[in-house]
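Q: Please work from the sequences and hints to get the whole structure.
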Amino acid sequence: MKVLVIEDDARTASFIGRGLTEAGHTADLAHNGDDGLHLGLAGGYDVLVIDRMLPGLSGLEALRALRAEGVRAPVLLLTALGSVDDRVAGLEGGADDYLVKPFAFSELLARLNALVRRPPLADIETQIRIADLEIDTRRRRVIRAGRRIDLTPQEYKLLEFLARRVGETVTRTMLLENLWGFHFDPRTNIVDAHVSRLRSKVDKGFDSELIRTLRGVGYLIDEPE
Amino acid sequence: MNRNRPRARLWQTTTFRLAVLFATIFGIGSAALLVVLDLAVADFAEETARDALRDQMAVLKADANAEGGLALISALREHVEGGLPERFSYVVIAPTGERLDAGLPRAVETISGWGELRIPTREEQPGPDPYNINLIVLTDRASDGTFIAVGRDDYALSELREWLHKLAVWGGSAMVLLALLGGVAAGLILLNRLKAVGAAAEKVMRGDLSERLPSLGLGREFDDLADILNVMLERVEDAMVALRQVSSDVAHDLRTPLTRLRNTLEEAQQADASQRDGLLAEAIGDTDRLLEIFSALLRLAQIEGGAERRFIVMNLTEIVGDVVEAYRPAAEEGGGALTVQADGPAIMSGDPTMLAQVVASLIDNAITHGGPGGAIVIAVHALDEQVELSVTDNGPGAPAEEMSKLTRRFYRLDRSRNTVGSGLGLSMVAAIVDLHRGELILENSHPGMRVRMIFPGG
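Residue numbers (my numbering), protein chains in the order written: chain A, 3 to 227; chain B, 262 to 719.
Quick caveat, the hints were computed from the structure, so don't treat them as lab data.
If you're wondering where the values come from, they're calculated on a predicted model, not measured in any experiment.
Possibly wrong hints are sitting among the right ones.
Listed below are several chain B residues computed to face chain A (Cβ distance under 7 Å; list not exhaustive) [stated by the list, open to error]:
1. Thr274
2. Val296
3. Ile554
4. Ala591
What follows is a set of in silico ranges between Cβ atoms, one per label pair, in the way DEER data are often shown [as the list claims (entries may be wrong)]:
5. B:Leu515 with A:Arg150: 39 to 45 Å
6. B:Asp533 with A:Asp48: 39 to 45 Å
7. A:Arg20 with B:Leu515: 41 to 47 Å
8. A:Leu43 with B:Gly596: 57 to 63 Å
9. A:Thr139 with B:Met493: 38 to 44 Å
10. A:Arg131 with B:Glu646: 37 to 43 Å
11. A:Leu43 with B:Gly459: 55 to 61 Å
12. A:Arg149 with B:Glu579: 47 to 53 Å
13. A:Arg20 with B:Gly539: 20 to 26 Å
14. B:Gly539 with A:Arg150: 42 to 48 Å
15. B:Glu495 with A:Leu43: 51 to 57 Å
Built from N, CA and C at the ideal position, the CB exists for glycine as well.
A: In structure tokens form, the structure reads like this:
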């Protein structure tokens with residue numbers, strides 16, 4: 003994917019840029035809001051990463067200007083502040099996701115992937131099939147290898163979230179935010195416990211493991227290799 | 262702040278303004294009094310003069326009627342020539358043409374009844390018309406046809422008026438002067454009191470936050486103001502003390518993890534390639550923990566500052582349910598149990614995200630400190646006008662004397678030093694409860710620990 007990174011701190015910017023290049027993506031860097039706005043308006047980006055605090059035109063202002071000019075590409079806002087007000091202001095300003103500094107690069111990459119591949123609302127799948135796993139999202143029914151699997155609401159929620167992003171990395175923070183509405187880090191590793199419960203029902207006793215752990219990053223569900 | 266602003270000019274000072282204000286009020290007052298007095302006195306004097314003329318006329322007319330005009334003339338002439346001090350002037354003309362002229366011009370003969378005359382004079386006269394003598398005249402005829410005119414000048418009235426004017430000018434000036442002095446005195450007293458307050462404020466500005474403002478002694482309102490400002494200073498002092506405490510806590514408590522990080526990095530530098538990765542991963546982990554502490558501190562500061570308050574009417578039971586469901590697998594994994602005791606919705610006004618964090622943080626604590634296989638009970642009850650939330654574990658609890666210290670930043674019980682945690686969890690809980698105007702009670706539940714929170718209901 004082609005990413006525009008608007009970030010004033012040179013080291014952070016090149017850290018992100020290098021990471022994206024290594025992951026096989028293209029990254030353009032802008033070091034202030036005005037340059038960023040310029041590049042952003044020129045277009046052609048799949049996703050934008052904008053730091054909230056920029057010299058000159060602030061990140062939020064640049065974002066609003068881009069949206070006003072009809073730039074539709076998804077935007078991930080970076081911020082050093084993690085307050086609720088802040089997040090709400092960012093999302094209201096037209097951001098699609100919000101990441102609080104400091105962050106692990108893998109977290110950023112996972113979120114960018116999720117933004118770029120976010121399925122359009124119109125063709126939401128009601129039948130998801132991954133190898134021999136079938137999910138009927140309307141009836142909330144899960145079948146694997148022809149066998150019905152009973153899941154608790156929490157387990158089902160987690161499975162559907164992963165399955166809708168088949169082949170994509172989903173980080174712990176993404177799960178905490180989207181499934182439980184936690185915008186803080188609980189000390190107890192609640193995500194791993196949920197995943198291990200889900201695994202014991204979906205993967206245990208079957209031929210292959212569909213749910214994979216990416217150490218230190220998160221999880222993904224995919225066809226067996 | 263401009264602390265060296267030039268001394269205020271005289272006309273800018275309160276003293277001067279008060280004095281001028283007083284003087285103006287008294288000056289206007291004096292002038293008004295003079296005008297009113299002048300009008301009243303003039304009226305009264307003219308009425309008195311007319312009464313006197315009427316009386317005199319009645320006497321003269323009675324004499325003429327009884328003894329005839331000629332007799333009146335001779336009697337009057339005797340009287341006038343006797344040199345007695347005379348208040349009246351006369352003209353009497355008998356039907357025979359015999360006449361007496363005593364102080365009135367001939368023009369008087371054209372007047373019938375009341376009239377006024379003006380006689381030019383060379384000498385300066387007192388009063389508003391200095392080169393004329395003004396006369397009030399009354400004429401009449403006796404039964405035998407004798408013409409009688411009696412006149413009186415307004416000299417006495419003018420004199421009275423002049424005296425009044427003098428009184429007004431001198432009295433008024435004296436009053437204005439006194440008002441100026443009074444204003445200056447009042448201003449100086451006020452300024453002196455304010456100067457004491459200013460001096461106290463200056464001390465506060467220089468950092469002596471224990472200084473308090475003196476009583477102004479100028480009345481209730483001023484003292485109330487001083488009291489309110491003192492309460493404000495108390496708050497500021499408390500906040501500053503807390504801030505100092507926090508800064509030193511931060512400096513102190515971050516030293517340990519930072520030292521550890523440094524050691525790990527040093528080790529990585531000297532280690533061979535095979536060990537380096539592990540050490541670097543450890544260093545990143547240490548850094549993450551430090552950053553977590555920083556963001557927790559930042560968040561704590563935001564909450565304590567009350568900066569972000571997005572209160573909505575919400576059901577605490579629902580939030581507790583959601584958080585407990587999120588934690589259940591993790592708690593049960595270690596053989597523990599999470600139980601919710603709730604008897605229906607508990608409606609209150611609050612920030613759902615923050616309250617979820619409170620519940621999460623308390624469950625975190627109960628899991629970490631409650632020991633393996635602990636039973637954790639989370640209870641929500643809607644009381645009259647209040648909502649009570651409690652989280653109870655059956656772990657070792659905390660010594661009674663340390664209960665009150667648990668909400669301090671970085672405070673950790675000795676036996677908890679080696680568990681994961683920043684020592685900020687309960688500080689955060691306390692801050693959020695405080696923001697919701699709730700009460701936080703830490704108590705032993707024998708065994709274990711109970712954290713109770715009582716919020717105002719909505």
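Q: Measuring from the C-beta of B:Val296 to each C-beta in chain A, is the shortest one below 7 Å?
A: violated, 68 Å
Q: Regarding B:Leu515 and A:Arg150, is the given constraint of 39 to 45 Å on their beta-carbon distance met?
A: For A:Arg150 against B:Leu515, whose Cβ atoms are near 53 Å apart, the range 39 to 45 Å is violated.
Q: Is the hinted range of 42 to 48 Å satisfied by the C-beta distance from B:Gly539 to A:Arg150?
A: Taking Cβ atoms as reference, B:Gly539 and A:Arg150 lie about 44 Å apart, which means the hint holds.
Q: Does the Cβ distance between A:Thr139 and B:Met493 fall inside 38 to 44 Å?
A: violated, 58 Å
Q: Holds or violated: the 37 to 43 Å window for the beta-carbon distance between A:Arg131 and B:Glu646?
A: At roughly 54 Å between Cβ atoms, B:Glu646 and A:Arg131 fall outside 37 to 43 Å, so the hint is violated.
Q: Per the hint of 20 to 26 Å, is the separation of the Cβ atoms of A:Arg20 and B:Gly539 within bounds?
A: Since the Cβ atoms of A:Arg20 and B:Gly539 sit about 23 Å apart, the hinted range of 20 to 26 Å holds.
Q: Under the criterion of a CB-CB separation shorter than 7 Å, is B:Ala591 in contact with chain A as hinted?
A: Since the shortest Cβ distance to chain A is 4 Å, the answer is holds.
Q: Given a hint of 41 to 47 Å, does the C-beta separation of A:Arg20 and B:Leu515 actually sit inside it?
A: violated, 29 Å
Q: Between B:Asp533 and A:Asp48, is the Cβ distance one that fits in 39 to 45 Å?
A: holds, 42 Å
Q: Does the nearest C-beta of chain A fall within a distance shorter than 7 Å of the C-beta of B:Thr274?
A: violated, 46 Å
Q: 47 to 53 Å was suggested as the range; check whether the CB atoms of A:Arg149 and B:Glu579 agree with it.
A: The hint (47 to 53 Å, Cβ to Cβ) is violated, given that A:Arg149 and B:Glu579 are roughly 34 Å apart.
Q: Should the hint that A:Leu43 and B:Gly459 are 55 to 61 Å apart at their CB atoms be regarded as holding?
A: holds, 57 Å
The structure shown violates the earlier hints numbered 1, 2, 3, 5, 7, 9, 10, 12.
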